[in-house]
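**Q** So the chains spell out like this:
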Amino acid sequence: METFFFAIVALVAIVSGMLVVKCRNPINSALSLIVTFFCLATFYVMLEAPFMAAIQVIVYAGAIMVLIVFVIMLLNLRTETGSRYTHAVTVGTIIGVLTLIEIVYFFSGGRSGLTGATGGLNTETIERVGHTELIGRSMFTDFLLPFEITSLLLLVAIVGAVVLAKKKI
Amino acid sequence: MLEYVWLIPLFPLLGAVFNGLLGKKIKNEAVIGGIATLMIFCSFLVSCGILMQLIGLPAEERVFEKVVFPWIHSGNFKADMAFLVDPLSAIMIMVVTGVGSLIHLYSIGYMHGEEGFYRYFSYLNLFAMSMLLLVLGGNMLVMFIGWEGVGLCSYLLIGYYFHKKSAGDAAKKAFVMNRVGDFGFLIGLFTLYWWLGSNHNVWTINFTEIKAASSLLPYGGVVTIATLCFFVGATGKSAQIPLYTWLPDAMEGPTPVSALIHAATMVTAGVYMIGRMSFVFVKAPDTMMVIAIVGAATAIFAATIGTAQNDIKRVLAYSTVSQLGFMFLAMGVGAFTAGVFHLMTHAFFKACLFLGSGSVIHAMHHALHHAHSHDDPQDMRNMGGLRKAMPITFITFLVSTIAIAGIPGFSGFFSKDEILWQAFANPFHGGLNIFLWGTGAIAACFTAFYMFRLVFMTFFGECRITAKSKDHLHESPLVITIPLMVLGFLAVFGGYVGMPKLLGMLPNYFEHWLEPVFATAQGYAQTYVHAGAHHSHALEWGLMGLSVVIAVIGIAIAYILYIASPSIPARFTATFPALHRAVYNKWYIDELYDFLFINPCKALGSFLWKGFDVLVIDGIVDGVAKVVMGLSGMLKNLQSGYVHNYALSMALGVVVIIAFYIFR
Amino acid sequence: METLAMPAINFAAIMPETILSAVAMALLLVNVFVRSEQKAYLGYLSLIGILVTFFPIVAGWNAPVELQSGFNGAVLQDNFSLFFKGIFLVSAALSILISDQYMQREGCNHGELYPLILLATAGMMLMASGTDLMVIFLGLELLSVALYVLAGFNRDKLKSNEAGLKYFLLGAFSTGFLLYGMALTFGATGTTKIAGIAAYVAANPMITGNQMFLVGMLLMGVGFSFKIAAAPFHMWTPDVYEGAPTPMTAFMSVGPKAAGFAAFLRVFMIALPAYKPEWSALLWVLAVLTMTVGNITALFQQDIKRMLAYSSIAHAGYVLVGFVAGNAVGTAGIMFYMLSYAFMNIGAFAIILLVGRKGEPNNNVADYAGFGFKHPLLGLAMSIFLFSLAGIPPAAGFIGKFYIFSGAIQAGYIWLAIIGVLNSAASVYYYLRVMVFMYMKDPVEEFDWLKVTPAHALCLLVAVAGVLIPGIVPGYLLELAQKAVFF
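Protein chains in written order, with this note's numbering: chain A, 5 to 173; chain B, 24 to 687; chain C, 508 to 994.
Isolated chain A (complex conformation) (with noise of 0.2 Å):
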C-alpha cells in the first residue's frame, strides 16, 4: 500500500517537476514548482519526518512560492516566446540517458547493494521524543555553529540582494 502510494506521489513529482522546465507562462512553472514542494512534503511524512514536511509547506509552497508570484506578476512576464535549447540537444540527451542509467544502476544496488548506516535515531525514538525536539535538540548540540553560519549566511543574502538591487545605495 504504502509502495503503492509512493509510487503515485513520485510520478506526480516527476511530471510537475518536468512541467517547471518545459511551461512557457512563467505562472504555470511557478505553480507546477508549488506542487513538486507538495510533493516533497508528502516524502518526508512518509518518512517520518512530519516536521520537516509542515517547514517544506509553510516556507516553501507558502512563502517562497507565494512571493516569486508575486514577482512574476509584478513584473508581467510574458509567455516566453522563440525556441529553446536548440543548441545542445544531443549532448544533453547523451547525458540524460546516461544519467538514468547510473540512477537505474546506482538504485538497484550494483555489486554491492545499498546499506547506509543506521543511527540511534530510528522510528521508535521519534514517536517517544518527537521529530521537532530532536531537531530542535541535534541543532543546538551537534549542529550549534552550523545553526549559527545559516545567520551570517542569511545575512549576506540580505545585503547581497540590497546591493543589487536597491535603486540607491
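Watch out, some of these pointers could steer you wrong.
If you only want the chain C side, here are some residues facing chain A, beta carbon under 7 Å, derived [stated by the list, open to error]:
#1 P514
#2 S528
#3 A529
#4 F578
#5 N579
#6 E619
#7 L626
#8 V642
#9 L649
#10 V652
#11 A653
#12 G659
#13 T696
#14 G697
#15 Q718
#16 M719
Dumping the calculated SDA-like pairs for lysine to any residue here, alpha-carbon to alpha-carbon at most 25 Å [what the hints assert, rightly or not]:
#17 K171(A) to K865(C)
#18 K170(A) to M77(A)
#19 K48(B) to L965(C)
#20 K948(C) to A873(C)
#21 K172(A) to Q611(C)
#22 K89(B) to Q989(C)
#23 K170(A) to L672(C)
#24 K659(B) to L675(B)
#25 K171(A) to E669(C)
#26 K664(C) to W956(C)
#27 K649(B) to L672(C)
#28 K26(A) to T682(C)
Read the hints as simulated data drawn from the structure, not as lab findings.
Note that the structure is a prediction, hence the values are computed from the model and not measured.
By construction, the Cβ of each residue, glycine as well, lies at the ideal position given by its N, Cα and C atoms.
Dock chains B and C against the given chain A, drawing on the hints supplied.
**A** Positioned in the frame of chain A, the structure of chains B and C alone reads:
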C-alpha cells in the same frame, strides 16, 4: 666575527640594489661611486676581521660553516644558504674584496663622465656579491649561483658599451662559452651527487660533507667523469684551452672590469673550484693529468700569441690566459698551494698591470681626443716614451712587469718558481714531469719577453704620437694612481708570505696556512703516487737559477728587439711572414673554431633549414603549433558564454566520472 | 524530559571568524553614516579588523588541541587551518587595499563592499577549519553568496552583472552536487563529522564497496573541483573573472581557491583515505586536464584578465599535482604555493587595475606596449609577478612549483610531474608575451592617467616582498608549512 660572514656578500648586494634603483635619479657620481666603493670596502673590513680571527684559531679549527637560512629541503636533497669559511676562502675573500675595493675606487676616476655610471657601479657591486657567494658557498648550489652570477655580470659588463657591435658580440661570445662550461659544471655536480647518494646513501652537495665522504670515492672511474665535467666548467670560466677565446674579446669592456673580472677574480674561479674540491680531483689521476697538460699547453700557447699583439689590453689578456695556465698546471700536478699562491700574486700584479694600462689608455685617449686624432688609444704602436709623462703609472707598471716576468725578490717569482719546481718534482705524472716543466719554463721565457716588449713599446723610446697630442699627456688623477701604488706595493711584497723553504729567510706562511685545507687531498695522493726520487737541494737551486736565467733571457731579447735595434722585428716579420701572420692572428684559433664549429653549425643549420627544416621540422613545428592553436581555438569556442553550455559541460563531467567509477 | 547538553563552546577556535563577522556587522552599521566619497575609511576600518584578526591566528599556532577544537568537533583550528587563514587574510587585505581606487573610478564605491569581503573571508576560514561537513558546506555557501554579489558589484556594467549571474547559476548548480555528495556520505556513514566518518570507515572497511559512499565521495570531489576551478568544471572562471570588478577578480582568484583546497584536502585526506587509490586516480586526470586546458587556452588570449583567469585554472592544476602526491612534501608545497600565489596574482591584478581607466579597461595585452619604459618601477613589479607566475627563480612561484613537483616525484608520480613541468614551460610563453609588449614595443599610450595611491603602493610593495622574500629565503616559510601539515 665569523658569525657575521653573511655581511660580506650582503654589503655589495645592498650597493647594487641602491645604485640600480636610485642611481639614475641621483646622478651625482661621487655619491654613486662612493657608496659602491664604501660597500665593498665594508666587506673588506669584515673579511679582515674574519682573517684575523681565523689566524687566532688553532690550525685544525679553522673551518667554520654558517647556515644563514635553510633554503631548499626536499627529501634527500638538502641545500642551505650556507657559507664556508676556511683558510682557502679567507684568502679568496681578501683578494676579492681587497682588490675589488681598489678597483672600485679606481673606477670612480676612470669611468668619470661615462653614460650609465650608476649602471656600471651597480653591475660591479653585483659582480662582487656573486663572486663572494662563489668563494664563500658552503655547498655546490650556492657556489653555482655565484658561478652563474659572475658569468651574468661579466656578460653585462663586457657589453657595457652595448651600442658598439664588437662589445655586444664579445659579450655574447663570453656568455655562450661560459654556458658551455656551466653545463659541464652542472653535469659534474649531478654525477657526484647521484653517485655518492645511490651507492653510499650520502645525499649531499655540501663541501664539508663531501670531504668527509670522499674516502668512499673510488680512484678513477666515475670520479674521473665527474671531475672532467667540473674541469670543463673550469675551462669555461678560467679561459683555458679550448674555451679561452672569449677572454681576449672580453677586453671590449671597460678596463677596470678587465682588471677585476677578467684578470684578478672571476677567471680564477676555475682554479678556486678545483682547490675547493681538491679531495675529489685527486682521486682522478687521469683528470689531474688532463688538467696539467691543458694548463701547460694554455700557458705556452697564449704566451706565444701575446708576443705579436699590438693592442695593449690584448697582450695583457693573453698574458692572463697564460698565467691561468700556470695555475692549472700547478693544480694538475697536485701543487694546490702553489696554484692558489700564484692566483693571489697574479691578482696583485695583473690587476696593477690592467689598471696601469687603463691609466695609459685614459691618458692617451685624453691626449688624442684633444688633438682630434682618430688613432687607436690602445694600440702600442701609437705609444712610446710615456714614462716621462706618467711616472707613477710607469713605476707601478714596471714593478708589476718585473713581478710577472719572475725576477727574484718580486712576488711573481716566488709563486711561479714554486709552480715550475712542483711541476718538475712532484711525482704525480711520472715521466711527463720534465715536459710539463719544460713547457712552463719556455712559457715563462715568452712571458718575460712579451711583457717587456709591452713596457718598452709603451714607456720607452720615442713618443710616436703627434707633438700636439703629446702636450696633453698627463699623469692620471690620484683616485687612479692610489690603487696603482697599493697594488704595485703588493706586487712586490705580496709574495713574501709564501717564500720557498729553500731560501730560508722567512717561513712559508702561505703553505702552512693552507695545509689543513689540502691535507685530505695530499693524503689521497700518497696512496697512488709512488714516492718519486728525492730531489736534492742542489737541483732545486739549479732549477731556480735556471728560471731566473730564462726570465732574463726573455727580457734581454725584448731589449734587443725593441730598444737596442728596433729594426729586427720588422726584418723578422719579413723573413718569416707566415709565422708572424699566424701568431699575430692568434694561431687562427678563432678561425679554426669558426671552421670547426661555427661554420659547420651554420652550414648544417642552413642545410637543415633549407632541406630538413622546411619540409620536416616546419611541418612538425607548424603542425604542433597548428594543433595547439586549433585546440586553443576549440577550447575557446567551447567557452561560448552561454551558461547552459557551461552547466552542460559540468554535468557531462559528473556523469562521465560517476559512470567510470560505478561501472568499473 | 532530558536536559539539553549544550556543547562546549570554545570561542578560541572560531575567534578569527568571530572578529571578522563582528567587524563586518559593525561596518554595515557605520556605512549608513559615511558619505559616498569617503567610503575608503570603511576599507581602512576593515584593514584594522583584519590586522586584529591576525592576533588570534598567530596566538593559536601550536595551541593545545583542547583550545583548537570546539562545538562538538565541528571546528578544529589546527596549524593547517591557521596557515590557510593567514592566506585568506593576506588576500583579503591586499584586495581591500586596491579596491577603493577602482570602485571610485567605476562609480560603484558602495560601502557594502567591505563587509561582504570580510564575511566571505569568514566563510573561507570556516571551510578551512571546519571538521563537520555541514560547517564546510555553510562556510562555502557564505563565501559563495558573498562572491556572487561581489562579482556583480558593478551594478551599472552589463559585464559585471553577467559575471555575477553566471557565477550564481553555476555555483548553485555545483553546490547541488556538493550537497548531494555530503548527503550520500552521511547516509553511508551516519555522521557528518570528518573524524566520525574516518572512524566509521576504519571500523567498517567493507564500506568502500558501498556505491552510496563512492558516489558521495565523487560528488563531493566535483563540488570542490568547481570551487577550485578544475577542468571540466572550470568554464565559469574566465567569464566571471573578466566581468567582475578587477579588485574582486584578484580576491576571488586566490582566497576561494585556497579555501576550496583546504576543505578538499581535509575531507579527502582525513575522512576518505580509504578511497585514496580512487580519488588520486581521479585527481590525476583532473590535474592533467586542468593544467593543459588552462595553459593551452591561455596561450592565445588577448584579454589579460581572461589570460590570468586561464592561468589561474592552470595553477589549480599544479596545486592538484601536489594533492595527488598526497604526502607531506606535496601538501606543504600546496600551502606554500597558495600563499605565494596570493601575492603574485593579486599583485598582477593590481597592476592591471592601474593600467585601466574609467570606460577604458585597457585589458588587451597590446595595451601594455611600452609600459615598462613609461613606468619602470611598475613594469619591474609586473615582471616580478609574471616571472613568479611562470615559475622562474628566484621568485616564490618557482619554489612552490619545485616542492609540489618534487612531492609528486617522491610519491612516484613521475609522469604527472613531467606533464606539470611541460605545462609550466608552455605557460612561460603567454606570461612573457606581456613582458615582450611591456619592454620591446614602442609605447602607444603615455599612461599619464596612471595614479598610484599610497594604499595601492603598499599593496604592490607587500606583494613584491611576498614574492621575492620567500623566493630567495624559502626555508622559514616552508618550515611553517611543513609544521602545518596535518599528517
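**Q** Holds or violated: K48(B) and L965(C), Cα atoms, limit 25 Å.
**A** holds (22 Å)
**Q** Regarding the hint that N579(C) lies at the interface with chain A, is the smallest CB-CB distance below 7 Å?
**A** holds (5 Å)
**Q** Tell me if the interface restraint on Q718(C) is satisfied: Cβ within less than 7 Å of some Cβ in chain A.
**A** Nearest chain A Cβ about 5 Å off; hint holds.
**Q** Would you settle whether the hint for A653(C) is holds or violated, based on the nearest Cβ-Cβ distance to chain A being less than 7 Å?
**A** Since chain A brings a Cβ to about 5 Å from A653(C), closer than 7 Å, the hint holds.
**Q** Do the alpha carbons of K171(A) and E669(C) lie within 25 Å of each other, as the hint requires?
**A** Holds. K171(A) to E669(C) sits at ~18 Å (cutoff 25 Å).
**Q** Can the restraint linking K89(B) and Q989(C) be considered satisfied, given a maximum Cα separation of 25 Å?
**A** The hint holds at about 23 Å.
**Q** For the hint on L626(C), just tell me whether its beta-carbon gets within less than 7 Å of chain A.
**A** Holds, because the Cβ-Cβ distance from L626(C) to chain A comes to roughly 5 Å (cut-off 7 Å).
**Q** Could you grab the alpha-carbon distance between K172(A) and Q611(C) and see if it respects the 25 Å cut-off?
**A** holds (16 Å)
**Q** Is K170(A) within 25 Å of M77(A), Cα to Cα?
**A** Measuring from Cα to Cα gives roughly 19 Å; hence the hint holds.
**Q** Given A529(C) as an interface hint, is its Cβ closer than 7 Å to any Cβ of chain A?
**A** violated (11 Å)
**Q** Once the shortest beta carbon distance from P514(C) to chain A is found, is it less than 7 Å?
**A** Where the cut-off is 7 Å and the nearest Cβ of chain A is about 6 Å from P514(C), the hint holds.
**Q** Given the hinted pair K26(A) and T682(C), is their Cα-Cα distance within 25 Å?
**A** Roughly 23 Å between the alpha carbons, so the hint for K26(A) and T682(C) holds.
Of the hints listed earlier, those the structure fails to meet are numbers 3 and 27, in rising order.
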